[in-house]
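Undergrad: Take a look at the letters that make up each chain.
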Amino acid sequence: MAKTLLDKVWDAHTVRELPGGQTQLFIGLHLIHEVTSPQAFAALAEAGLRVRFPGRTFATVDHIIPTDSQKRPLADPLAEEMLQHLERNCATHGIAFFGPGSGRQGIVHVIGPELGLTQPGMTIACGDSHTSTHGAFGAVAFGIGTSQVRDVLATQCLAIARPKVRRIEVTGKLAPGVYAKDVILAIIRRLGVKGGIGYAYEYAGPVLEAMTLEERMTVCNMSIEGGARCGYVNPDETTFAYLRGRPYAPQGDAFERAVAWWRSMASDPDAPYADRVELDGARIAPTVTYGITPGQSVGVDERIPHPSEVPDEERAGVEEALAFMGLEPGQPIAGTRIDVAFIGSCTNGRISDLREAARVAKLGKVAPGVRTFVVPGSQEVARQAEAEGLPEIFRAAGFDWREPGCSMCLAMNPDKLRGRELCASTSNRNFKGRQGSPTGRTLLMSPAMVAAAAIKGHVVDVREML
Amino acid sequence: MASDARVTRVEGRGCVLRGDDIDTDRIIPARFLRCVTFDGIGAHAFEDDRRQAKGDHPLDDPRFAGAKILIVGRNFGCGSSREHAPQALWRFGFQAFVGESFAEIFFGNCVALGLPCVTLPRPELERLMESVDLDPQQPLVLDLEKGTLTSKLGAQAIAMPEGARRQLLEGSWDATAVLLGAGDAIEATARRLPYVAGFAG
Chain A
6 MAKTLLDKVW
16 DAHTVRELPG
26 GQTQLFIGLH
36 LIHEVTSPQA
46 FAALAEAGLR
56 VRFPGRTFAT
66 VDHIIPTDSQ
76 KRPLADPLAE
86 EMLQHLERNC
96 ATHGIAFFGP
106 GSGRQGIVHV
116 IGPELGLTQP
126 GMTIACGDSH
136 TSTHGAFGAV
146 AFGIGTSQVR
156 DVLATQCLAI
166 ARPKVRRIEV
176 TGKLAPGVYA
186 KDVILAIIRR
196 LGVKGGIGYA
206 YEYAGPVLEA
216 MTLEERMTVC
226 NMSIEGGARC
236 GYVNPDETTF
246 AYLRGRPYAP
256 QGDAFERAVA
266 WWRSMASDPD
276 APYADRVELD
286 GARIAPTVTY
296 GITPGQSVGV
306 DERIPHPSEV
316 PDEERAGVEE
326 ALAFMGLEPG
336 QPIAGTRIDV
346 AFIGSCTNGR
356 ISDLREAARV
366 AKLGKVAPGV
376 RTFVVPGSQE
386 VARQAEAEGL
396 PEIFRAAGFD
406 WREPGCSMCL
416 AMNPDKLRGR
426 ELCASTSNRN
436 FKGRQGSPTG
446 RTLLMSPAMV
456 AAAAIKGHVV
466 DVREML
Chain B
44 MASDARVTRV
54 EGRGCVLRGD
64 DIDTDRIIPA
74 RFLRCVTFDG
84 IGAHAFEDDR
94 RQAKGDHPLD
104 DPRFAGAKIL
114 IVGRNFGCGS
124 SREHAPQALW
134 RFGFQAFVGE
144 SFAEIFFGNC
154 VALGLPCVTL
164 PRPELERLME
174 SVDLDPQQPL
184 VLDLEKGTLT
194 SKLGAQAIAM
204 PEGARRQLLE
214 GSWDATAVLL
224 GAGDAIEATA
234 RRLPYVAGFA
244 G
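From first to last, the protein sequence lines stand for chains A and B.
In this text, residue positions in the first sequence follow my numbering: the first is 6, and each later residue adds one.
In this text, residue positions in the second sequence follow my numbering: the first is 44, and each later residue adds one.
Incorrect hints may appear among the rest.
[What the hints assert, rightly or not] Some but not every residue of chain B turned toward chain A, in silico, with C-beta under 8 Å:
| no. | residue |
| --- | --- |
| 1 | R77 |
| 2 | T80 |
| 3 | G83 |
| 4 | T232 |
| 5 | L236 |
[To be verified] In silico lysine to any residue, SDA-like type, Cα no more than 25 Å apart, as pairs:
| no. | chain 1 | residue 1 | chain 2 | residue 2 |
| --- | --- | --- | --- | --- |
| 6 | B | K97 | A | E325 |
| 7 | A | K421 | A | V315 |
| 8 | A | K76 | A | R342 |
| 9 | A | K421 | B | V79 |
| 10 | A | K421 | B | T80 |
| 11 | A | K169 | B | R208 |
| 12 | A | K169 | A | D280 |
| 13 | A | K13 | A | T217 |
| 14 | A | K76 | B | R77 |
| 15 | A | K8 | B | Y238 |
| 16 | A | K8 | B | K111 |
| 17 | B | K111 | B | A198 |
| 18 | A | K13 | B | G241 |
| 19 | B | K195 | B | G224 |
| 20 | A | K421 | B | R77 |
| 21 | A | K13 | B | A228 |
| 22 | A | K13 | B | L212 |
| 23 | B | K97 | B | L156 |
| 24 | A | K13 | A | P396 |
| 25 | A | K76 | A | P396 |
These are calculated hints, taken from the structure and not from any lab test.
All C-beta atoms in this analysis are idealised placements derived from N, C-alpha and C, irrespective of residue type, glycine included.
With the hints as constraints, model all of the structure from the sequences given.
TA: Here it is, written out as structure tokens:
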């Protein structure tokens, strides 16, 4: 019988069915970081349990790491304590840890792929909702809570219900100046922030097929913003070429055997789907959020909607958003003044993101009064950027080039908005208070759009500059 | 699993928290995640929202003080996977959540803590919110066995995915013990996966 990738991966990893419809699912790769793991290790110790498969868990530090200096001890004693906890837990249990001194530290969803840990056909879990990123390889990747981190440490399994699969086909070809970020923002705008509840999203169609792995990661990364449990793209030649030669990817003959298996895990052409959605890629414009959920967005050439124009069930949310954001309905989103520009995060902190932002940065200087943060997603991304001369380009344009980490995406480190600052951000969430100031405001957009906004001092259509 | 882990009913007063798409950053702002235990996190539930509301927030409303059941809107708990969110609400005093819908990771985190998240269709939810708003002292009874929420309105039929409902009713919501029960079947599954052995020939 024809099957989707989700079903093939699910069946291959099923240890047993649990009463009530859940599956005991084996987890092929477990990634951990300093924020959601300490309580899990403590619970493990309390229960007198060991880590069942220490070789299948890998750790790094990303959320709390400062991006001005990673020098130990970290300036913030709480951050240093969390880092030491992780180091101790990894040492105790024999878990590989990519710390600041390793040369491999970075955002967990950046380093997993770049090290070749993330592979097609795997199940992947991490105590972070953006674990969906790894689906770009054709893996089934879940964000989990701390109790489930404990479950995976103790048993290498999760108790989880099988999601339905919605195939989202993006047809046609993207226009110049339109990026993967715009594609996923457009998908969430169309399907809503809760439209994905109960679903895995299978992204497909010519636009996804033409994308690089890094672009697919940007799309899959924000599956969770659409409410989906996970999102994936079927593995193809692009996937295999990306993986070849990566440190943890199979080498030599084993790589060829791996490719055969990876290929076999892709969805069959006649696989059944619970739902299908189609979007015309050629009609997607650079997209900008104006509100407090990632679904509240418009094309950069559109106006901010009036609450009366949105469906009844969204009206209260739009009213709340406009009040919080201090934006007027009917006003064009272009021209909105910004105070801060942030380029980075697990959504858009990879080398191709930095290249696109640098291309725009070459065209001018940061507008007076705009604070900027350019934060590579990992030490490897930073090295690559340095080899290509990107930091010099950013610095010459007045951008602040920093060290790798989650930075201003979530404000668990010193990089934060102040007061009501409005930030053009390549990150994934525009929730109230997300970027560290309870009244701070976020406009999500692509790296090129953020760089353009930094130069102009306001939201601008990057297509006019390229 | 010990029978005292069974969650069959939650009785207590309700607290009405209106609004849709309330995310976990609002439930517990990220700065309170800079910790290695969950101790003391309950005091910071909805901290920024409460500060901005200057006391005019349901969690600070004396009429709702001591409530055990939090009544919320649509897509509650969306966003970050932080278990700190249900931990904070539980430590604040809530033992169950009633809403139109819940984000999946939040829902799973709640089950893992033995906290039921049950849903009502929007019109029924609105009726409940209105009733509890008018009479916050009324006792509510969430009965997972019967699948009802009883208030002054009478018994409303609540919904919950069957797997999670069974885990709570049977006291098997602490998944580690259940998963360990598979024994060597875990290793047997691993052996069937070609990547676990590095695609050795």
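Undergrad: Are the hints correct? Go through all of them and say.
TA: Against the structure, the hints:
1. R77: Hint holds; R77 of chain B Cβ to chain A Cβ min 5 Å, cut 8 Å.
2. T80: 6 Å, holds
3. G83: Violated, because the Cβ-Cβ distance from G83 of chain B to chain A comes to roughly 13 Å (cut-off 8 Å).
4. T232: This hint holds: T232 of chain B lies near chain A, its Cβ roughly 5 Å from the closest one there, short of 8 Å.
5. L236: With a minimum Cβ separation of about 6 Å from chain A (threshold 8 Å), the hint on L236 of chain B holds.
6. B:K97 x A:E325: 17 Å, holds
7. A:K421 x A:V315: Violated, at roughly 32 Å.
8. A:K76 x A:R342: 35 Å, violated
9. A:K421 x B:V79: 22 Å, holds
10. A:K421 x B:T80: Holds, at roughly 24 Å.
11. A:K169 x B:R208: 20 Å, holds
12. A:K169 x A:D280: Roughly 8 Å between the alpha carbons, so the hint for K169 of chain A and D280 of chain A holds.
13. A:K13 x A:T217: 24 Å, holds
14. A:K76 x B:R77: 19 Å, holds
15. A:K8 x B:Y238: Between K8 of chain A and Y238 of chain B the Cα gap is close to 21 Å, so the pair holds against 25 Å.
16. A:K8 x B:K111: 44 Å, violated
17. B:K111 x B:A198: Holds, because 18 Å separates the two Cα atoms, which is no more than 25 Å.
18. A:K13 x B:G241: Given that 25 Å is the threshold and the Cα spacing comes to 19 Å, the pair holds.
19. B:K195 x B:G224: Violated - the C-alpha atoms of G224 of chain B and K195 of chain B are around 43 Å apart, more than 25 Å.
20. A:K421 x B:R77: 15 Å, holds
21. A:K13 x B:A228: Status holds; Cα separation ~19 Å.
22. A:K13 x B:L212: 31 Å, violated
23. B:K97 x B:L156: 31 Å, violated
24. A:K13 x A:P396: The given pair, whose Cα atoms are some 43 Å apart, is violated under the 25 Å limit.
25. A:K76 x A:P396: 20 Å, holds
In this structure, the earlier hints numbered 3, 7, 8, 16, 19, 22, 23 and 24 are contradicted, and the remaining ones agree with it.
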